[in-house]
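Please build the complete structure, drawing on both the sequences and the hints.
The residues making up each chain are set out below.
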Amino acid sequence: MQTQFKKGVLDICVMALIAKKDMYGYEIVSELLSYIDVTESTVYPILRRLTKEGFFTTYIQESSEGPARKYYQLTQEGIAHYQAVATEWQAFTVAVQKLLQEVQ
Amino acid sequence: MNRAEYLELLRDYVSQRFSLVETEDIIRDYEEFFVEGMANGKTEAEVIQGLGSPKLLVEQLVEELQPPKQQSKTTDVLQTGNRYIKKLQKKLTHTLQIKSTTKQLGCMTRILRLMTQCIALGLTVVAIAVILFIIMNMVWTGLGMVGLFIVGGYFLTANVGLGMVFFSGASICLGFFLLGLVCVRSLSNYVIAYIKRAQTWWHYHVNQAPKEEIDHE
Chain A
3 MQTQFKKGVL DICVMALIAK KDMYGYEIVS ELLSYIDVTE STVYPILRRL
53 TKEGFFTTYI QESSEGPARK YYQLTQEGIA HYQAVATEWQ AFTVAVQKLL
103 QEVQ
Chain B
2 MNRAEYLELL RDYVSQRFSL VETEDIIRDY EEFFVEGMAN GKTEAEVIQG
52 LGSPKLLVEQ LVEELQPPKQ QSKTTDVLQT GNRYIKKLQK KLTHTLQIKS
102 TTKQLGCMTR ILRLMTQCIA LGLTVVAIAV ILFIIMNMVW TGLGMVGLFI
152 VGGYFLTANV GLGMVFFSGA SICLGFFLLG LVCVRSLSNY VIAYIKRAQT
202 WWHYHVNQAP KEEIDHE
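Note that the protein sequences, when read in sequence, are chains A and B.
Just so it is clear: in the first sequence, position 97 is 99 by our numbering, and no numbers are missing.
Just so it is clear: in the second sequence, position 140 is 141 by our numbering, and no numbers are missing.
Simulated from the structure, these hints should not be mistaken for laboratory data.
The structure displayed is predicted, hence computed values, not measured ones.
Treat the hints with care, since some could be wrong.
[To be verified] The following label-pair restraints were derived from C-beta to C-beta distances: (1) B/Ala130 to A/Ile38: 51 to 57 Å; (2) B/Tyr85 to A/Gln99: 34 to 40 Å; (3) B/Leu57 to A/Tyr37: 19 to 25 Å; (4) A/Ile81 to B/Val147: 54 to 60 Å; (5) B/Leu57 to A/Ala82: 42 to 48 Å.
Ideal Cβ placement from N, Cα and C applies to all residues, glycine included.
Listed below in structure tokens is the structure:
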């Protein structure tokens, strides 16, 4: 897949994962890898940007049996943004699907 | 290249584009990534391979975040100083690299790094002392005035106070105040960055859980 194309979509995927439950970096990367072929190094910058834009908050949780983990959580703003973008994306893919079918 | 070397290199590159505090935060994230990766049965080399070169990683970070063309340098006196120290450090290690064997080098670089860090820390302490001195002076002067007021009443205090403030005090105080402000600003960044670094070190080097062993079985 084209990298430029994939980049925009990755935002939505990351938000979709975190909308389900709070997740830590490694978890997000490996979960994402099970769906899409991404490199590890692309995910962290995205997480950082979305946090900076106010869509995520982070908290560090120390656990007794694992290392300390930085968890990402959607903010109210993030939830609203995610819903808007996801609907937009769904409408877009339906339109593209339709176009492809009709052209064939 | 192992994990420590990789992260050190990454810190070098990141610190050129991001503030001290943000740099430590970014390094923290990748420290965590290493620890998690290894807890999941990967080797250091495999994790590094997944992440790619530190230079490329920083480029990706910059591309995503696009920081406003570096921060205002005029105020970050200490940070600029730190950069100079780093440059010097690099030069020194480079000269050593030519002279000594690889095994000695590791040790020497470590000592050098520690030395330069000690110098930086020393400078920080001096800066703190200067600020404390200024603050104490202000307190002293203030207390002196109060004392004068109690003993001499309004008239004398106003006379002496005005003389002090207008003819000598004001300009010096203002100068020191501005200097203090600058120092405090860059110092606070410094202190926060060091605290973060210590936290990261504690979380991922000292306090590492025995989880790895369980996973390897």
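Structure-based check of all given hints:
no.	hint	in the structure
1	B/Ala130 to A/Ile38: 51 to 57 Å	holds, 55 Å
2	B/Tyr85 to A/Gln99: 34 to 40 Å	violated, 59 Å
3	B/Leu57 to A/Tyr37: 19 to 25 Å	holds, 24 Å
4	A/Ile81 to B/Val147: 54 to 60 Å	holds, 56 Å
5	B/Leu57 to A/Ala82: 42 to 48 Å	violated, 34 Å
Hint violations for this structure: numbers 2, 5, all remaining hints satisfied.
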